[in-house]
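Start from chain C and add chains W, L and D according to the hints.
There are 4 protein chains.
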Amino acid sequence: MSKVNVNKVVVAYSGGLDTSVIIPWLKENYDCEVVAFVADVGQGYYELEGIEAKAIASGASECYVMDLKEEMVAQYINPTLKTGACYEGKYLLGTSMARPIIAKAQVEVARKVGADALCHGCTGKGNDQVRFEGAFAALAPDLKVIAPWREWDLVSREECLDYLEERNIPCSASITKIYSRDANAWHLSTEGGVLEDTWNATNADCWAWTVDPEQAPNEAEYVTLKVEKGEVVAVDGEAMTPYNALVYLNEKGAKHGVGRIDIVENRLVGMKSRGCYETPGGTIIMEALRSVEQLVLDKTSFEFREELGVKAAQLVYDGRWFTPLCNSVLAAAEELAKDVNGEVVIKLYKGQAMATQKRSDNSLYSEEFATFGADEVYDQSHADGFIRLYSLPSRIRALNAANKK
Amino acid sequence: MSKVNVNKVVVAYSGGLDTSVIIPWLKENYDCEVVAFVADVGQGYYELEGIEAKAIASGASECYVMDLKEEMVAQYINPTLKTGACYEGKYLLGTSMARPIIAKAQVEVARKVGADALCHGCTGKGNDQVRFEGAFAALAPDLKVIAPWREWDLVSREECLDYLEERNIPCSASITKIYSRDANAWHLSTEGGVLEDTWNATNADCWAWTVDPEQAPNEAEYVTLKVEKGEVVAVDGEAMTPYNALVYLNEKGAKHGVGRIDIVENRLVGMKSRGCYETPGGTIIMEALRSVEQLVLDKTSFEFREELGVKAAQLVYDGRWFTPLCNSVLAAAEELAKDVNGEVVIKLYKGQAMATQKRSDNSLYSEEFATFGADEVYDQSHADGFIRLYSLPSRIRALNAANKK
Amino acid sequence: MSKVNVNKVVVAYSGGLDTSVIIPWLKENYDCEVVAFVADVGQGYYELEGIEAKAIASGASECYVMDLKEEMVAQYINPTLKTGACYEGKYLLGTSMARPIIAKAQVEVARKVGADALCHGCTGKGNDQVRFEGAFAALAPDLKVIAPWREWDLVSREECLDYLEERNIPCSASITKIYSRDANAWHLSTEGGVLEDTWNATNADCWAWTVDPEQAPNEAEYVTLKVEKGEVVAVDGEAMTPYNALVYLNEKGAKHGVGRIDIVENRLVGMKSRGCYETPGGTIIMEALRSVEQLVLDKTSFEFREELGVKAAQLVYDGRWFTPLCNSVLAAAEELAKDVNGEVVIKLYKGQAMATQKRSDNSLYSEEFATFGADEVYDQSHADGFIRLYSLPSRIRALNAANKK
Amino acid sequence: MSKVNVNKVVVAYSGGLDTSVIIPWLKENYDCEVVAFVADVGQGYYELEGIEAKAIASGASECYVMDLKEEMVAQYINPTLKTGACYEGKYLLGTSMARPIIAKAQVEVARKVGADALCHGCTGKGNDQVRFEGAFAALAPDLKVIAPWREWDLVSREECLDYLEERNIPCSASITKIYSRDANAWHLSTEGGVLEDTWNATNADCWAWTVDPEQAPNEAEYVTLKVEKGEVVAVDGEAMTPYNALVYLNEKGAKHGVGRIDIVENRLVGMKSRGCYETPGGTIIMEALRSVEQLVLDKTSFEFREELGVKAAQLVYDGRWFTPLCNSVLAAAEELAKDVNGEVVIKLYKGQAMATQKRSDNSLYSEEFATFGADEVYDQSHADGFIRLYSLPSRIRALNAANKK
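Chains C, W, L and D supply the protein sequences, listed in that same order.
The first sequence runs 1 to 405 under my numbering.
The second sequence runs 1 to 405 under my numbering.
The third sequence runs 1 to 405 under my numbering.
The fourth sequence runs 1 to 405 under my numbering.
All clues stand as given, with none of them false.
Remember, identical chains collapse to one label, so a pair may be satisfied in a single copy or spanning two.
Cut-off 20 Å, straight-line C-alpha distance, at most; resulting in silico cross-link-like pairs (EDC-like, lysine to aspartate or glutamate): (1) 347 x 212; (2) 252 x 214; (3) 112 x 62; (4) 347 x 214; (5) 255 x 214; (6) 347 x 197; (7) 90 x 307; (8) 404 x 142; (9) 338 x 287; (10) 404 x 361.
Hints in this document: simulated from the structure, not taken from any laboratory.
One chain only, chain C, in its complex shape:
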């Protein structure tokens, strides 16, 4: 493949080994200026400390660090949560939800610095390449896209380290790295190593954030979440921003071993992979939102919300965030969430987050209707007629069959 002509490229830079190699590689192979872009999505202090200097040392002409934490939770995670999205029944989409906002911010940097290309460090076997490039196609179809992992010949960490050493670019990365990890405020994912055989159980190394449930406190702890329009607005009596609520709940959840998932999933690119995901605060929030929905959504609305969740999980996982279809599904969920107001107490204990108390001013639950023998709203005799009409097709079908005999 002949290389495209590039003047200035903005690379999504993480400070890790591969993106450190990408900077000099881009300069050498495309003879272009390289601008580093770092998205702060809550991956943590150690990941970000000194990252600008590191980027410059690797050869970037500039390095932009953008704090996307509040926006990510408010504009990407919260709308997704209203759909109830949970990929293949388990995965809370931590990596998936972060990609669109990173791509969008990267495009903004490209526009600002007048770049004509975008570059990411995703491998050619994963979902993230599709998510980044899908977003780029929607937001900046005029910009070229460079995906070094699909282009270069480097195939191991050792070769990458050699590459940097030959160029005297300092790098603190170790030669062996057993697991591939991705972290943000919502989750931490782990792939590789022992996980590559699905018949292997995980070991302690596979988990990097949450306490092992078996080592978690013997005493349960309770948190109380206040929900408005399908979003957490306060925890334990204190109003919090979306991001701050998440951080607070992450700490509580992690302490009690909440939110560990070990899953084999279908990647968008046709293969399966196994990942361990830790989503401590997110797991608590999901339990809380679903619990308020139990009080508020009627039967058919709840069923549709479940269908929206299945759909939204696919769309978000598949990198279709910036599409009319995703907007449509989110709009439907937003509408259903209008009444999702209430308060929930969640018990945290040895890996579990379980709602123990729930209430809502919009609750359709009524002690009176559900239990008393007689009330004004519900008359038991109504059931007679309901059942007759409800089962009428079965009756006619059976009568038909009997007549034919």
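Showing chains W, L and D alone in chain C's frame:
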């Protein structure tokens, strides 16, 4: 409402207070012979001990006890499990799945004894009346149906006890009964009492089967399930019938506090109710089946299975078992389950059942494809073309928008 | 059933035989003041002429006529059309879409006159009773509802006429009325008579609006519709209000026999019925909207729009307009319709309305991409990679199977 | 791209220009034996006449012609029809349904002759390449696949003709061919030429099978179809095989201009294209099947069948025939079709096929239930209770809202 004319009625008899009242009430009010029918669906020894004598003592002319345990698991529960059905995201349908087989067996008894009517003891506010009468409409539209709770004036346990006392019918039922419970081999449900206020947490009395997770063993325990065509065929190396596997796993699960659910749900009859459900073995089985699916189902198949699960949960909950639609959904799930073969190890610990190891001869997971840089089946350069075509509509849409500016 | 206590009731009055009987019947049986409410939804001049005097003559204390035509098309029909709703694949929901706005306006009149009850003239076997009472439950749960057809003993037109004659209430209704009809600006429905046997073909009497296609002009005629955000905004070059566009297209369509449907459908109340529907302008509009969608919606969006159409058809037919679920589905469709802009030429000929030309500034169709051998956006070699990844699960599955042999 | 090593390849041969070029091109570029395979799917006498000699003259070592007509209708079309599949609301999938059986037969020939590769003549911009290669991946993942159009440099008919002339291979193809066409027993598709601008109306040349509705007979004609388990088994009183029934109805339909569709559709490969489709017999069959369903399917079953139709259309169009998901969807439809028995009269007139009479022994329609004031099965008073329970959530929600004011 003028009473219909009835000669002989078969009543679904449980041995509890209400059905004990129903027998004499039917005789007095319909001047008919009453045949008692007891379905053994695994509700347990104490519920069934001496039940025939009790029915006769209450005035029944005959009492049929039918053992439906194996058939229930094999013909009703297993097909439902293949769909992944879980009502409103939580409830494993324990009561719902038992109703169709009970109704079907009741109709068979009615045919055998030449009855012209069927009677059940469900209240006028619940789902079970619809499930029974929906099944009756499909299976025996010619038989009359009597639902005493929608007809008589008795509104309290006290009145029911008085009713029996006046007629010298012995009854060991207590005057107070806080909770309403339903048990079978799959689950035990609890409603009423403290649960009636959704802001009340459950207390120890709300749970009658499983150990409190906080009292469960401090040591985790592991069970290994072998799955063939979406059904558990062996546990811990031993081939078992569907019912026996369930019993075995119930004991393991109950010991570790597995399978407790506290949910507010939408009843079919328009109101909400709160229930505590204990499904120890079932929760383990669901985790195992879903885990094998992770290995075996491709992306679009998995998504469809999730949609089938949402649909099937509604159908089963709503008493639509004996309908063409339910048959259709079950047939679709049966087809998908053809490849769902494998083995799963489940860890039981303090209320959780979590798959830790899984394998399958049909696994689409391949360590080689997922991880190596290069292989014969997956070439990273393929991703280029995939992404271009995959995101083509986004690209054209964005180019259109740019052109319009 | 003991009658509820009513002071003042607002009755949805049509001027026809049954609602003419209902007025005196309400006064006699509820000893209350009766206010007539007439909704002008475009049912036509002859239906509405002199209707106020007629209502008063029948005993109403007042009669309110409200012109709902523009609001019905703009606020009820247009949002529904964006979903593509077509009940059971055929029926364009003419009666269904009119009911919610009539019920809402009736409640407004009730509030204005201080009524404590609402009354409708729907029979006990149809959908409309559910649509009216469903809307009343959502909008005015405090008001009582009277449904005379489920209450009184009158069972024939003759008895109704006798009832009026005994009370000296003038009525021009004839003793025989073969068909039951419902008309508004969107459609005219016909039930009964010869249609009651599904093996009877329709005859000329079954159709009351459109020209028989066999009698329609031998020359085709063309209309050009301009669509913005999924709504018709101009026809044949002239900007029109939603209602005026519909009237204009009704005339064109009716002349060419467009929009006749003869269907057996499932009523909400469990039975089937047969209806002939004439929707001349609506059929043209549907063809136009779907045609613009062909240009604008991408593959997955189009599929979702089709699913929304199936859902919305059920919701609207089933009288669930004023529910969160309906709002949610409409919001999703509204979002998808944002790009549905364009122009369509429709050919009208002998019963058919067929789009012959279509264009849109938002079109994703590109002559260049679709046909040329090479272009900048689409490179044929991309297809290689796409197909490999797309069919990867099939390949792995087949390799697995081969390995097992 | 380096060429793979091939010994013997089976090419899907049509006798047209491109596959005539492909045979010598394969021999030259892969230095391999080329076996021609011709699928007779009802494309017609002129397409097939002398085709074996032509293949040999072009350089094929052998030519296999397989008659797939009955199998295609019975095993591929009929199962699809039960789902109601209609791609993007219009297209009856004529090309899509033929591809899997052709690919399957081609694989069978490859196995028979010991070939190690398969070749098709589909372009790199279309759906068919995905359909063929998707089937190959599922049925013969070990065989290599050659797609000349994605490989060679020929870009015009002229170059193809020159290619043959240089090699002295006779060819009767003309230098200009305005339209690209695909024909089989079910349909004939036309793309290209004047159709490439969506604002162009079609002209007479765009249609190659059916009579222009404006030239069709002025007298309507009627056909009667007998349907069993969702399949046409007899027409006009005569039992016919699936293929023969289709041929018979094609003739009738074509004569009356039935089954013309002009659509812009989303291709699987991300772009849109426009096609004219003629499906005369198929359109009649669809109308007949959907009409029997109107009598037989209850409300929820009908809705599910519509959802299955949307899904199946995508699967078939997208070349996913040989997948577990497709099997699952077909199994669901097969189940629903069990009761789809009946008889339908279809009126053919000036481009329309409209059911005028229908009946079924399984009909859930009952004149008695739908019309009389009173009957044994349906009591109008039942509607009271039905509506109360049906609208209970709306009522509670509205009462809640009122209480909050």
